[in-house]
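One line per chain: the protein sequences are A and B, in this order.
The numbering used here applies: residue 1 is where the first sequence begins, and numbers increase by one.
The numbering used here applies: residue 1001 is where the second sequence begins, and numbers increase by one.
Some hints here could point you the wrong way.
What the hints assert, rightly or not - The calculated label-pair distances, taken between Cβ atoms and stated as ranges, are:
| hint | chain 1 | residue 1 | chain 2 | residue 2 | range |
| --- | --- | --- | --- | --- | --- |
| 1 | A | E357 | B | G1354 | 31 to 41 Å |
| 2 | A | D54 | B | P1241 | 24 to 34 Å |
| 3 | A | D20 | B | A1231 | 25 to 35 Å |
| 4 | A | D32 | B | A1231 | 53 to 63 Å |
| 5 | B | R1321 | A | A251 | 46 to 56 Å |
| 6 | B | V1294 | A | Q228 | 30 to 40 Å |
| 7 | B | P1233 | A | P317 | 48 to 58 Å |
| 8 | B | E1383 | A | T364 | 54 to 64 Å |
| 9 | B | G1354 | A | L325 | 22 to 32 Å |
| 10 | B | S1327 | A | P263 | 14 to 24 Å |
To be verified - For the chain A half of the interface with chain B, some residues (derived, Cβ under 8 Å), not all of them:
| hint | residue |
| --- | --- |
| 11 | A251 |
| 12 | P252 |
| 13 | E310 |
| 14 | A336 |
| 15 | V340 |
| 16 | A342 |
| 17 | H343 |
| 18 | Q344 |
| 19 | D347 |
| 20 | A351 |
| 21 | G354 |
Treat the hints as calculated values from the structure; they're not laboratory data.
Given the structure is predicted, the values throughout are model-derived calculations rather than measurements.
Glycine included, each C-beta is placed from N, C-alpha and C at the ideal position.
Number of protein chains: 2
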Amino acid sequence: MTDLTTLDATTAADLIRRGDITSEALVTACLDRIAARDGDIGAWAHLDPAHVLDNARSADAARRAGQGTGALHGVPIGIKDIIDTAGLPTEHGCPIFKDRRPMHDAAVVTALKNAGAIILGKTVTTELALLTPSETRNPIFRDRSPGGSSAGSAAAVADLMVPAALGTQTAGSVLRPASYCGIYGFKPTRGLIPRSGILMQSHTLDTAGVLARSIEDVALLTDVLAAQDPADPVSYARSQPSLRAIAMTDAPLPPLFAVIKTPAWDTDAQPVMREAFDELVSALGDRCHVMDLVSAGDAIEQQRIVQLAENAAYYGPLLKRAPQLLSPGLTQRLEAGLAVPAHQYIDAIRAREGLYEVIDEITTNFTAILTLAAPGPAPKLSEGITGSPIFNGLWTYYGCPCISVPVMEADELPLGVQLVGARGDDGRLLRTARWLENFLAA
Amino acid sequence: MTDLTTLDATTAADLIRRGDITSEALVTACLDRIAARDGDIGAWAHLDPAHVLDNARSADAARRAGQGTGALHGVPIGIKDIIDTAGLPTEHGCPIFKDRRPMHDAAVVTALKNAGAIILGKTVTTELALLTPSETRNPIFRDRSPGGSSAGSAAAVADLMVPAALGTQTAGSVLRPASYCGIYGFKPTRGLIPRSGILMQSHTLDTAGVLARSIEDVALLTDVLAAQDPADPVSYARSQPSLRAIAMTDAPLPPLFAVIKTPAWDTDAQPVMREAFDELVSALGDRCHVMDLVSAGDAIEQQRIVQLAENAAYYGPLLKRAPQLLSPGLTQRLEAGLAVPAHQYIDAIRAREGLYEVIDEITTNFTAILTLAAPGPAPKLSEGITGSPIFNGLWTYYGCPCISVPVMEADELPLGVQLVGARGDDGRLLRTARWLENFLAA
Chain A
1 MTDLTTLDAT
11 TAADLIRRGD
21 ITSEALVTAC
31 LDRIAARDGD
41 IGAWAHLDPA
51 HVLDNARSAD
61 AARRAGQGTG
71 ALHGVPIGIK
81 DIIDTAGLPT
91 EHGCPIFKDR
101 RPMHDAAVVT
111 ALKNAGAIIL
121 GKTVTTELAL
131 LTPSETRNPI
141 FRDRSPGGSS
151 AGSAAAVADL
161 MVPAALGTQT
171 AGSVLRPASY
181 CGIYGFKPTR
191 GLIPRSGILM
201 QSHTLDTAGV
211 LARSIEDVAL
221 LTDVLAAQDP
231 ADPVSYARSQ
241 PSLRAIAMTD
251 APLPPLFAVI
261 KTPAWDTDAQ
271 PVMREAFDEL
281 VSALGDRCHV
291 MDLVSAGDAI
301 EQQRIVQLAE
311 NAAYYGPLLK
321 RAPQLLSPGL
331 TQRLEAGLAV
341 PAHQYIDAIR
351 AREGLYEVID
361 EITTNFTAIL
371 TLAAPGPAPK
381 LSEGITGSPI
391 FNGLWTYYGC
401 PCISVPVMEA
411 DELPLGVQLV
421 GARGDDGRLL
431 RTARWLENFL
441 AA
Chain B
1001 MTDLTTLDAT
1011 TAADLIRRGD
1021 ITSEALVTAC
1031 LDRIAARDGD
1041 IGAWAHLDPA
1051 HVLDNARSAD
1061 AARRAGQGTG
1071 ALHGVPIGIK
1081 DIIDTAGLPT
1091 EHGCPIFKDR
1101 RPMHDAAVVT
1111 ALKNAGAIIL
1121 GKTVTTELAL
1131 LTPSETRNPI
1141 FRDRSPGGSS
1151 AGSAAAVADL
1161 MVPAALGTQT
1171 AGSVLRPASY
1181 CGIYGFKPTR
1191 GLIPRSGILM
1201 QSHTLDTAGV
1211 LARSIEDVAL
1221 LTDVLAAQDP
1231 ADPVSYARSQ
1241 PSLRAIAMTD
1251 APLPPLFAVI
1261 KTPAWDTDAQ
1271 PVMREAFDEL
1281 VSALGDRCHV
1291 MDLVSAGDAI
1301 EQQRIVQLAE
1311 NAAYYGPLLK
1321 RAPQLLSPGL
1331 TQRLEAGLAV
1341 PAHQYIDAIR
1351 AREGLYEVID
1361 EITTNFTAIL
1371 TLAAPGPAPK
1381 LSEGITGSPI
1391 FNGLWTYYGC
1401 PCISVPVMEA
1411 DELPLGVQLV
1421 GARGDDGRLL
1431 RTARWLENFL
1441 AA
């Protein structure tokens, strides 16, 4: 019999719907694996096994009673601990928020529950979803970081503790851990997934995303999560094509990739990553067009300024409230953020309007942008860092959908390749990621 | 025979449409009055009489040929000199832009031309539409300021040089000069009138508006100007009810006013203004409910911060380019703006979201807010100021529609009362202004 923990969410939902497995059996398998391994990994911040098993049994009873089943009926999902859950603590990876229990579910949690999903528990986030590492270990090599800030979500999904989990990205907090842990990390177009009930560190950049072990899961979860959020000014109304249907359809033409290395290639990319990426580009041959994006260096800097200034506006009050409960790294970051002048911030916000046109031009003429998901493999824990988001921040700033696809490796360490798509065309990006995966597997 | 310069735009358009007067006659009367009086007043920055008369004759010929006439066919309109006009210079009241001739009309100028209006000329603006006075005199008492920054537009309309003119407001640049000059000044809901082609000093606050001598003119011009502007993120799509039809209909109920004096009443309102306003409130009796707006003090400060910071972002580069061509007051202002920290600016932007709810609550429960349009009568030229926008800035920050109605005076100096309406409900505000005027005339 299959180890239920190896199932992806799509397959698990199908098996539950058909009555081939129960939600209780799947949830039990996940909880058993967590019990056996999370002492070492440290992916979970809050778990209530008895409560979760109750919910799983209720889901099974509802199905047996012939009640309708949602797209994720009975399937356990992990939730990053900056996303509010009414039944479980939400502590933001920061002792200032210890024992905080929100009254309401975040909009994304409500959407998952409406689709029948079981909230398995809360996954560890780095301190306030920024750069100070959590205690989480990379499940592939435990002396390495899983990345951050969605550390627990990436580690839990990679370690088969849960089929999929929610993360968030302001610079590279979904794609970088996905690359380090050898799974898929998807940050959709800014505004596609509602942000109500998620800790805000930057209204301009924050985007919720998905960590999963198949592209179909990424599409399925995003379909469930996408909605207009009247409380969120960047949220937009759209017709509701199924991303999953688009993603799983074959494209009419093979894709053409714009290969953009950005100035960070020279300054930050590690030799093993450069070698693997150049090999990949060679393998793709005339499907690739290597080009410069003149504004990439500016965009890297503008994302940095916007995040730094908005971080200080949102978290700055904590510096006064309880400075002793913030890490030295965060304190330093907030102090730097408080010193950013408004005109520099406004310039960085304004500059984006013009850059949108350049990016839209590229994503019109190419199927996707092909670039690195991270500078190299997961850093060693002894380095005390979660790695650099320098290959992610600019695309988050542009608001484009991005996915890290686990198709490379070096010395058994996974390396993700990042595909960046046209804003608003998330389905086509996922379809292109599937093409890439199939091409390389052939 | 009527002196054609006394006609408002609505009446002039009707007479031209019926063939009772020609555009050429009306434009000639305006140009003659300007020639006779503008040496003293200084309301006009650029005029090309021969070109304007050609346009007026073309409008007359088109009408005689039976071609369609727009809502403002043949009617001359003045344009503040920060609004781009393809046929005339646009110099922003600043020698750095001397002889600047833009290639394209601003969206509002295109809209006026499409409605058949004749662009009579460019009206004087204060330096970059900020606080350093222009040379313009108040036409009622020439030793007084017309206010600013839409100084020439207000003075020209008040002095019967043109039936109506366009202005812009970031704090109080339409309503304050209207109050000082005894005419109507209307700043519609932010986003109703497109801003493309207008000098930007603050994307958060800048709003185009109308200076005129009747409420019907205000409505007619706004109907012509309102449009969605794809290039302007604050622009919004709406169904197109005629503001004029709403404004000229009688309300089903007499209005109920929320009288809000704000903390500036104690610090800035002059005795003659306090007395006149309190008399007005007494005359309105139980139509008025005097109340506090707890956030008003904060909003005054937040508007100030937002404008200061955005001014520095937009105009700061001029400090490097040609500091000797900026006034000392502006230089000081830009230096102060460059020092605003980003977190303070972001806080001021964020605070508005919550304040919208408070304002929407008030404008749901009351027909309009009744407050001062200015701290007192027009200041003397010898004071070297254009007056304070402290009673206007907060409503501009809220994005509400506001109108200054010339219904009070002290020692023959006009004083405006300001009505503030619900965001998006500009027609009801204008209808309420008409009710007020009729009530006081009765």
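Hints and how they fare:
Take E357(A) and G1354(B): their Cβ atoms lie about 33 Å apart, and the range 31 to 41 Å holds. A hinted range of 24 to 34 Å for the beta carbons of D54(A) and P1241(B) is inconsistent with their spacing of about 55 Å. Checked against the given bound of 25 to 35 Å, the beta carbons of D20(A) and A1231(B), roughly 55 Å apart, lie outside it. Separation of D32(A) from A1231(B) is about 58 Å and conforms to the stated range, judged on CB atoms against 53 to 63 Å.
For R1321(B) and A251(A), the Cβ-Cβ distance of about 50 Å falls inside the hinted range of 46 to 56 Å, so the restraint holds. Checked against the hint of 30 to 40 Å, the C-beta distance between V1294(B) and Q228(A) comes to roughly 32 Å, which is consistent with it. At about 28 Å, the beta-carbon gap between P1233(B) and P317(A) misses the expected band of 48 to 58 Å. Separated by about 57 Å at the C-beta atoms, E1383(B) and T364(A) satisfy the suggested range of 54 to 64 Å.
For G1354(B) paired with L325(A), a C-beta distance near 27 Å keeps the hint of 22 to 32 Å intact. At roughly 41 Å, the beta carbons of S1327(B) and P263(A) sit outside the given window of 14 to 24 Å. The beta carbon of A251(A) is not positioned within 8 Å of any beta carbon in chain B (closest approach about 30 Å), and the interface hint is therefore violated. Annotation: P252(A) was flagged as interfacial toward chain B, and the flag is violated, the nearest CB pair being 30 Å apart, outside 8 Å.
Of the supplied interface hints, the one on E310(A) holds, with its beta-carbon coming within about 6 Å of a beta-carbon of chain B, less than 8 Å. Nearest Cβ of chain B to the Cβ of A336(A): about 11 Å, over the 8 Å cut. The hint is violated. A cut of 8 Å between beta carbons decides the hint on V340(A): the least distance to chain B is about 4 Å, and the hint holds. With a cut of 8 Å, the hint placing A342(A) at the interface with chain B holds, because the nearest CB-to-CB distance is about 4 Å.
Hint status for H343(A): holds, given a least beta-carbon distance of 4 Å to chain B, under 8 Å. Interface hint at Q344(A): satisfied, since its Cβ lies 7 Å from the closest Cβ of chain B, which is below the 8 Å cut-off. Contact between D347(A) and chain B, as hinted, is supported at the beta carbon level, the nearest pair being about 6 Å apart and thus within 8 Å. Interface restraint check for A351(A): the shortest CB-CB distance to chain B comes to about 11 Å, outside 8 Å, so the restraint is violated.
Taken as an interface hint, G354(A) does not check out: its beta carbon lies about 12 Å from the nearest beta carbon of chain B, beyond 8 Å.
Hint compliance for this structure: hints 2, 3, 7, 10, 11, 12, 14, 20 and 21 are not met, and every other hint is.
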